[in-house]
Amino acid sequence: MGTPLQLDEDMDTQDAAAGAPPRQSMRREQFTFSGTGREYFGIWIVNILLTIVTLGIYSAWAKVRRNRYFYGNTRLAGGSFDYHARPMQILIGRIVVVAILIVYNVAATLDQRIGGVLGVVFLLALPWFVMRGLRFSARMTSFRNVRFDFTGGYGGAFLAYILGGLLTWGSLGILAPIASQWMWRYTLDNLRYGDRPIDCDPRLEKLYGQFVMPAITFVVGLVVVIVLGVTIFSFASGLGFDFEEFSSDFAVAGILAAIYAAFLPFFLLFVLVSLLYSAGARNVALSETVIDGQHLLASHIGRWRYAWIAISNFFATILTLGLARPWAAVRMSRYLASVTMLYSAGSLDDFFSTVKQSEGVVGAEYMDIEGLDFGF
Amino acid sequence: MVSEATAGRLIRGVWYAPQTSRAVEASLVLETGGRLTAQDEAGAALASCEFSAAEVSDRVGSIARRITFADDSVFETGDNDGIDRLLAPVAKPGSGFVHSLERFHPRLALFVVVVALLAVAIYRFAVPVLVEVAVLVTPPVVPVLLSSSTMATLDGTVFEPSKLDAETQKNIADDFRDLASVSARGSDGYTLNFREGGHIGPNAFALPDGTIVLTDELVKMANDHQTVLGVLAHEIGHVDHEHSLRQIYRAAGVTGLILLIGGDVGAGVEDILIQGSALLQLRHSRSAEAEADRFSIELMHRTGNDPLAISRFLELIRDKLGDTSDSDFLSTHPATPSRIEETRRYAEELMAAATD
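Top line first, the protein sequences correspond to chains A and B. Just so we're aligned, residue 138 is where the first sequence starts under this note's numbering, counting upward by one. Just so we're aligned, residue 148 is where the second sequence starts under this note's numbering, counting upward by one.
Note that these hints are calculated values from the structure, not bench results. Be aware that a few hints might be false.
Said to hold, decoys possible - Okay, the calculated beta carbon distance ranges per label pair:
1. L365/A x S485/B: 30 to 40 Å
2. L260/A x E438/B: 36 to 46 Å
3. I311/A x P484/B: 44 to 54 Å
4. G403/B x L458/A: 13 to 23 Å
5. G303/B x G174/A: 49 to 59 Å
6. Y291/A x A425/B: 29 to 39 Å
7. P308/B x L365/A: 43 to 53 Å
8. I311/A x A320/B: 55 to 65 Å
9. E279/B x A236/A: 54 to 64 Å
10. E488/B x F259/A: 27 to 37 Å
11. V284/B x Y291/A: 30 to 40 Å
12. F259/A x G303/B: 17 to 27 Å
13. L260/A x A313/B: 44 to 54 Å
Computed from a predicted structure; not experimentally measured. No residue lacks a Cβ here, since even glycine has one placed at the ideal position from N, Cα and C.
Work out the full structure: start from the sequences and follow the hints.
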């Protein structure tokens, strides 16, 4: 404690500016994650087993136990986080969301016009789901007995999740930093810890600073993939393969395999670049987050290391038919905690919970089932 | 550390006043009579209530336990074993059951095996049963709506009105009615539509309400009345076995099951599973084709038509569209050479049985 921060374990030491050096009087508190793959394995396999045996009903209890394990093992300054949602709430939320999705899909199958109209309604309702979902998750999360709250509205969610997405894809990623500025501002600046505000204002020039390296990686990777592809193709042609003949002989399987093989490098490149950028954006956003006007958050993810952990986790899970998933999930949480810290200006004792009631679980379950992931 | 004198009766931890983040060193005691009390270092009570009015959080791994008193103040401790021992006399039976299953123990290997077996069993047995139930309870209006919207879409995008001459259409339609009249839904249960196929070319398909579509291109390619009838009998088979409804339900059911465990396997793996189940879906569609082939052979045989018609059609596909692959892993229709062989064998078997 109290030592100057030095956590740039990787080659990309981008963080001299992102982690604004805190004042001398501040105390450095390190986030830690104390869960283990061994311990989580049991929770995980029992979650899956009971979910299957109860035809899905236990999945609500499974979610609560999973979240409690990960939140409860995340510690800071001697205190821990906790997750307070009740399984029954989650179950009802899930049933409502599944009913909505069934009605939507049935209507869309039966009549495309109704489907189209409902699609637009859904798109407009999405920010509302996101807003309620974030609020539910915040209110169900506590640190040292004090709950978080979320005060974001519809407009901000629309900007961050609908327009931001359109902007990113429409500009082929060039405007992604604007979208991530909206996103982080919406999710963090609207967050409250007990009765105190949390401010987050990631500056655009810093986000663009994180954009350069992934963009260069993308261009270089693209050139490499294309050059390699053309070389292999012309080499094979030179050996006398007739590709017309080739494809008709191997019919559908051959063609599909060729398509997958051709697209896989591009897909992997895209995933890699997204991981590199999102890690950099998290560094910028968290490092410009201030709690109660005095405690500073900081994040020092090594971007290549983060991408390596995410990608190797994925392949480890696939190659072990899922059995490595607990280890992978714990490994990622452990890493993220180890690169996140709080510079506290004083005691963390004087916060008060103001949230007593909570509703809006439907939004949270919608996000969960649709795979929207936020992770405070 | 718990002192000897109070071992099992006193747990160390911290206490938070309601809604505050200030942690106070405290210990928890269970008094005789079942009253829980959090007390400070000096032994003064910070909070106290009956056990039944307090809420004890479930044990999950080794995360801190929270005991919430009736006044909303909270006692928190990492001493999970201590809490379990302390509360054992008053705790509800079965309260630690899930945690006891989750403990690291050789039993977990058994759970892995059971999960794998259950997953296979659900996919192979439970999903088909659920699909059958769903098909049974589907009101008749659903297939009608499904079909009319599909037909409207195809007419608006792909199809043109048929350019076959009226006589050809009438010949086919008459014999189609004969085939239909001996099928499960009777001659009114099926509607034959002629269309020009546009870019879908030589094709025929069936919709779940009995609508059957035949493209001009297929009639021209077959260039033989019996062959066309064999294809139509195959489509009637799809309708009678309700293949399209089953396919919709199976896809929805399997995707739903994957979504339920989505949170436990991670988003990347979830996507892979959904893609994989779509590939496995092709297997069902291949068995549906084989079933419809057999149906065609039987129906043609029963109505005095040529049971070999469908085999001839498959040979046409092989010759004209160059489908000669033996690999059928990724296709919705079984590889043509094996399908031709199978249909030929079955038709000859039927004919031989009839002459015996």
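Structure-based check of all given hints:
no.	hint	in the structure
1	L365/A x S485/B: 30 to 40 Å	holds (38 Å)
2	L260/A x E438/B: 36 to 46 Å	holds (41 Å)
3	I311/A x P484/B: 44 to 54 Å	holds (51 Å)
4	G403/B x L458/A: 13 to 23 Å	holds (21 Å)
5	G303/B x G174/A: 49 to 59 Å	holds (55 Å)
6	Y291/A x A425/B: 29 to 39 Å	holds (35 Å)
7	P308/B x L365/A: 43 to 53 Å	holds (50 Å)
8	I311/A x A320/B: 55 to 65 Å	holds (59 Å)
9	E279/B x A236/A: 54 to 64 Å	violated (23 Å)
10	E488/B x F259/A: 27 to 37 Å	violated (49 Å)
11	V284/B x Y291/A: 30 to 40 Å	holds (39 Å)
12	F259/A x G303/B: 17 to 27 Å	holds (24 Å)
13	L260/A x A313/B: 44 to 54 Å	holds (48 Å)
The structure shown violates the earlier hints numbered 9 and 10.
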